[in-house]
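Visitor: Take a look at the letters that make up each chain.
Protein chains: 8
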Amino acid sequence: MSHTPYTRLDKDNAAVLLVDHQTGLLSLVRDIEPDKFKNNVLALSDLATYFKLPTLLTTSFESGPNGPLVPELKAAHPNAPYIARPGQINAWDNDDFVQAVKATGRKQLIIAGVVTEVCVAFPALSAIAEGFEVFVVTDASGTFNELTRDSAWRRMEAAGAQLMTWFGVACELHRDWRNDVEGLGTLFANHIPDYRNLMTSHAALTAQ
Amino acid sequence: MSHTPYTRLDKDNAAVLLVDHQTGLLSLVRDIEPDKFKNNVLALSDLATYFKLPTLLTTSFESGPNGPLVPELKAAHPNAPYIARPGQINAWDNDDFVQAVKATGRKQLIIAGVVTEVCVAFPALSAIAEGFEVFVVTDASGTFNELTRDSAWRRMEAAGAQLMTWFGVACELHRDWRNDVEGLGTLFANHIPDYRNLMTSHAALTAQ
Amino acid sequence: MSHTPYTRLDKDNAAVLLVDHQTGLLSLVRDIEPDKFKNNVLALSDLATYFKLPTLLTTSFESGPNGPLVPELKAAHPNAPYIARPGQINAWDNDDFVQAVKATGRKQLIIAGVVTEVCVAFPALSAIAEGFEVFVVTDASGTFNELTRDSAWRRMEAAGAQLMTWFGVACELHRDWRNDVEGLGTLFANHIPDYRNLMTSHAALTAQ
Amino acid sequence: MSHTPYTRLDKDNAAVLLVDHQTGLLSLVRDIEPDKFKNNVLALSDLATYFKLPTLLTTSFESGPNGPLVPELKAAHPNAPYIARPGQINAWDNDDFVQAVKATGRKQLIIAGVVTEVCVAFPALSAIAEGFEVFVVTDASGTFNELTRDSAWRRMEAAGAQLMTWFGVACELHRDWRNDVEGLGTLFANHIPDYRNLMTSHAALTAQ
Amino acid sequence: MSHTPYTRLDKDNAAVLLVDHQTGLLSLVRDIEPDKFKNNVLALSDLATYFKLPTLLTTSFESGPNGPLVPELKAAHPNAPYIARPGQINAWDNDDFVQAVKATGRKQLIIAGVVTEVCVAFPALSAIAEGFEVFVVTDASGTFNELTRDSAWRRMEAAGAQLMTWFGVACELHRDWRNDVEGLGTLFANHIPDYRNLMTSHAALTAQ
Amino acid sequence: MSHTPYTRLDKDNAAVLLVDHQTGLLSLVRDIEPDKFKNNVLALSDLATYFKLPTLLTTSFESGPNGPLVPELKAAHPNAPYIARPGQINAWDNDDFVQAVKATGRKQLIIAGVVTEVCVAFPALSAIAEGFEVFVVTDASGTFNELTRDSAWRRMEAAGAQLMTWFGVACELHRDWRNDVEGLGTLFANHIPDYRNLMTSHAALTAQ
Amino acid sequence: MSHTPYTRLDKDNAAVLLVDHQTGLLSLVRDIEPDKFKNNVLALSDLATYFKLPTLLTTSFESGPNGPLVPELKAAHPNAPYIARPGQINAWDNDDFVQAVKATGRKQLIIAGVVTEVCVAFPALSAIAEGFEVFVVTDASGTFNELTRDSAWRRMEAAGAQLMTWFGVACELHRDWRNDVEGLGTLFANHIPDYRNLMTSHAALTAQ
Amino acid sequence: MSHTPYTRLDKDNAAVLLVDHQTGLLSLVRDIEPDKFKNNVLALSDLATYFKLPTLLTTSFESGPNGPLVPELKAAHPNAPYIARPGQINAWDNDDFVQAVKATGRKQLIIAGVVTEVCVAFPALSAIAEGFEVFVVTDASGTFNELTRDSAWRRMEAAGAQLMTWFGVACELHRDWRNDVEGLGTLFANHIPDYRNLMTSHAALTAQ
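Residue numbers (the numbering used here), protein chains in the order written: chain A, 1 to 208; chain B, 1 to 208; chain C, 1 to 208; chain D, 1 to 208; chain E, 1 to 208; chain F, 1 to 208; chain G, 1 to 208; chain H, 1 to 208.
Calculated from the structure, these hints are not laboratory results.
Among the hints, erroneous ones may be present.
[As the list claims (entries may be wrong)] Subject to a maximum C-alpha distance of 27 Å in a straight line, what follows is the list of computed DSS-like cross-link-like pairs (lysine-lysine):
(1) D:74 <-> E:74
(2) E:74 <-> D:36
(3) F:36 <-> G:36
(4) E:36 <-> D:36
(5) H:107 <-> G:36
(6) B:36 <-> C:102
(7) A:74 <-> F:36
(8) E:36 <-> G:36
(9) D:36 <-> G:36
Source: prediction; values computed, not measured.
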């Protein structure tokens, strides 16, 4: 069997799509613990900023029960294209969204959202069908329960999406610590409590 | 590796097959909690009605220990073809069933049933072999335990079935909220307690 | 060690307190699956009606993020005392609430609510301190996670509360099936899918 | 704090009460895996026979959805008092049952049944109230889920019941292997696959 | 992507390979509960007998710590080829074993054993390499833990093995209940407690 | 049985003891997910500040592998007594610590730390022995695994400690939302993602 | 309610009883992972040596399926009283064992063994009945599954046993790191991989 | 679908790559219990030695928070190439590492490391891209949690890596017990407590 060839994420060719992280929809997410999920989404947002990746925000019906976009994401990406979809469930069915994606000129799409089997899977499958390389950030995407998540992952995987987590995305984009030790270290310290502890212990000893 | 291309569910090309949701067999289902499972099956039934999808009911040995079809399904689809199989374990081995499927003229089959590795997997595999596109509703199908379920999912997936859940099916069929906000909202409110709560909170505030 | 003597629930001496089952607060509940939790709360509500137990509803800040009382509870108990607390976190700190409890003349309090360690535990502990017999309905109460729940249960248990579930409450109140086979059977059929299946199978065979 | 003094099970002072192990009710049991639960119930039944403990069988509404007593229990205790209760939910509310218990002359009651929080807990609490020593066989009792089970255990424990499992009951009754090595070994081999394997390995080597 | 075509198990073309179900090795199995595992292995053995499938037994170092073959398997298949391998870890490296397999003339191999990633996976992979169709009975195979099991399943799946469980195997071989209702029913009653309960309930009512 | 009377936390009579939340020791904590644990500890720290509770910090061997105190705690309580114990494992064996506790004049001690069965349990048990009322914050304390945690909780509970979580502590101290709606709301918004979402949704609608 | 007063373990008043850690019986232990359990038992053994606690070994039927005592325990305590019981299941029923316990002159008994509900619980309950203070080392004791373990813990707890783990025992006996930093550190490094890692990291930096 | 052909591990064609098992990074590993993980890593190290496989060690930033290589690995492979990478996150980006791999002349690479989705997955994917056969030792690799691990496994699997565990690797390399019964037995006894127990029981009986 020919397998998926290794396509590395490239910070000059990747864009981030944050789909429907809205305050109402977030109450539906039960396949991941809320503190951890919040951290993962913000970590993905922070790495998008850190690596200067074009980032797109999109939402569905903010004025209804789905609620507004999480304010932290708005604040972190004030100049990002922001597509409030008038009704399309699959963001890829919205022309403004697709044009914004194509306007980035990037061929690697890093996607996360709520809920996984719809807001993430639908545009991921559509993007693959149009020739994009799709990287799903599994731990920054959430849904009703583990059974649902597992079905969603399998469907995307079968279509050729690569499943990753925010930490792997950051490491694959960075390539080499020497590109910026402090920057990457700060990103990790802000979002991995165990890593922050290691850094604090280390700093205490080396300062002696 | 060439991957599964994205085939979208189309409400004009899809049919729903509900296989062996019988009161006796349901006592065998232990890979999903009973309240949740009942809800999922009824949600799938409701979406079939809502999207006017041709729906088929089939059972195995209702007069024996397997028990009668769950009455709610009968009541919801009074005019659906109802094939009480005289003995075939794989519903696809029953000519009446296959003819009823083909009579719908649909090429996309949405299948759920009890138990997953037999009543769902066998007709799913047979239908794929005859060229149908098969979408298994994993959360409206149940079986003995998670080990069994996992084996069944993998076998169907390897054969080309797409694994989905009822919520994803509904969203993919609906395409755009504007097609009917109230209808889809009602479907969700009736089957997703968290979503109903969001709607209630929202209505209370907007009514002020 | 002298142990807790067996105090049986008595339908002529029991009242039901439903505390803060509000649509916003329900999004905090993650120690029990939403479909099951909704079912359990409605089952408790139904048994209160069935056994004609005095029932009290109370809420906290409905106009704020906590959201309104779940509409089904309002609808089920239209004439129940309804105490919208202006600020007291412990319902027992609200004089209207305590007076309404005392006005029932009942000494056995069946309590459920959201969240367990606060809205249930605080009035439960206060009521015990005033000499009431307290029965906590554990499966109609919910909170953030299992760790929190466990701490709350232990604190109430140490203070003398009896931990029960809605099914046990119903059975202990009913005492003897002969008091009303159909009524209790209906309650069970409406809230226990497995029991409904048993009844359907049984009815199908005995009707033959 | 004065604690529960150690009261040992005594084969000349103990009786076994098997409450409502009926084929319908068993479909409600989901806090323990079916193969294991069946094994545990039969192990308890076998030890009752082995230690010649007076054993009582009781059921609730066998002709209805609850179904008949598991046939193996009937067959194993053909001469045991068999009280088919006409309606009492708490077996202790049935005079025939209580008289049968008292007729054994035993003060230590080993109780198991379905479901734990009702069919086991109610007679256990009643028996304690009348001065019996109660030993609940937790692994031969079953109920809807772990949350329910946990509440039931805590309520019985608080009232002074001792929680044991069938293996502990057998060992405490037997006291000394020398009383009958083969008999106890056979009981274990029939109900503990790992122990049977140890015996087979051992026999193979010592036979060489 | 071309997917695995549906190859149905055929009772005239299938053989069963039971690999290293030895009393010592069984103490290593911790990914499945012992009562359930014992039941599954015996169910597979029983179905092999019921469907008159050629069955092979093989073991590794019975005189050493691995221990003897489980006696029930020996007793159930007294005339089956029994290959006590002198040292080969992969049964397929043993010529007698391969010859015995080929002597059956069957092309579909149903394999189960202990431990999954070695005693099952190695001959499964070798048999596939030689053109056999391999069906792994996942619930009659066991190993150290779930992590190990999952790796083993994925490796076999990637090589083209079909993952099934004993119940699915029985149903796929039987095809139609009318071929022998009583025989298949007995097989299920002996190995599925819930199904036995359904049958008992049903028999009680239809006998009335 | 006489039970533990309800002793309410009183903000004028309570002090907070934070024991050994050190960067090295935190790597031992595996009974609670790191993101959640970090959040809980900081929430407890924040509520101590918010309610102006006397707070004590203590550590063990900061210069060794245990590592320094988590910097956030130092920063949050710059004027708190800080007892770096020279070797005593039980903080209560350190006179400076006990004097600092007594100097607060408070009789209610809210304790959390790492690891639960040692750094929390030992001073908790000692404080109870000296007549303090002890409230253990279970979700701001961590240890090796759930088995260990459970043993620790049971030992403290048997000695009379009350098990609570940070949210319950905050609510019991606050008593009434009207004392400061915004302050308590901010505390919750900062440490309960679901609550923050509710507030954001609510604010968005009420601002319309 | 008067609670259990805090009785500290005292190295001059404590003895360790290791009950039936035999190679055959260990195959029955499934409530704790084997690598962890082995580590915990050896850690308890090592701390007994380190604190020079009188240690007793006892076994049941070593020549039968239960198998010999784990060799490491024999080797670690070559001069310990070793009571191979001829048949008593409760070690406390063996006079030699009780005399050996009393000969130590210790009143605090630290007990661990296999299986928890029998080999640990029976002598623990008997020792309490004779006035000893009993400390059960829960993580160096094992049994069939978590349900069984939980029942056993509750029974011992109700009788007044204190539940601890090996790490808590070591810390409570040691009292102050200054008594021997290196000795205690070595014990921890040998049995807590995370702690060893902390020490290695620390040593690497301080050696620079 | 053409599947992955069975490529057996061959001790004359395999090399072992141990990537970033550093004392700091190990504190990040939470998808596997520490005692078990330590055992698995050392088992892999021991089998590399036993089968005389070329072994490479590599680390990232040992002087920083990541910490030094676990000393046991250094000690076990004193002459192994040891590449302390100056900054490359993907070891395959380091020329010295790749040259050392190629210098072994082996085409089968057995890889394990910390953390799975980065330190293992990146070089695994790169090596596959260069034509190596890659075998990932899943149980000697660790990461943040099961969600992350699962994503990493799926990505490597899709690229053609074979997922194995150390036990399977050892068995596939050894081929036949007769090649060295004692050597392989010792490896198992040192790293599988259950197997050691079997050997001890067996030795005790055969020595009689």
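Visitor: Each hint should be assessed against the structure and marked as holding or not.
Guide: Here is how each hint holds up against the structure:
no., hint, verdict
1, D:74 <-> E:74, "violated (32 Å)"
2, E:74 <-> D:36, "holds (24 Å)"
3, F:36 <-> G:36, "holds (25 Å)"
4, E:36 <-> D:36, "holds (7 Å)"
5, H:107 <-> G:36, "violated (36 Å)"
6, B:36 <-> C:102, "violated (38 Å)"
7, A:74 <-> F:36, "holds (24 Å)"
8, E:36 <-> G:36, "holds (24 Å)"
9, D:36 <-> G:36, "holds (25 Å)"
Taken one by one, the earlier hints fail for this structure at numbers 1, 5, 6, listed in ascending order.
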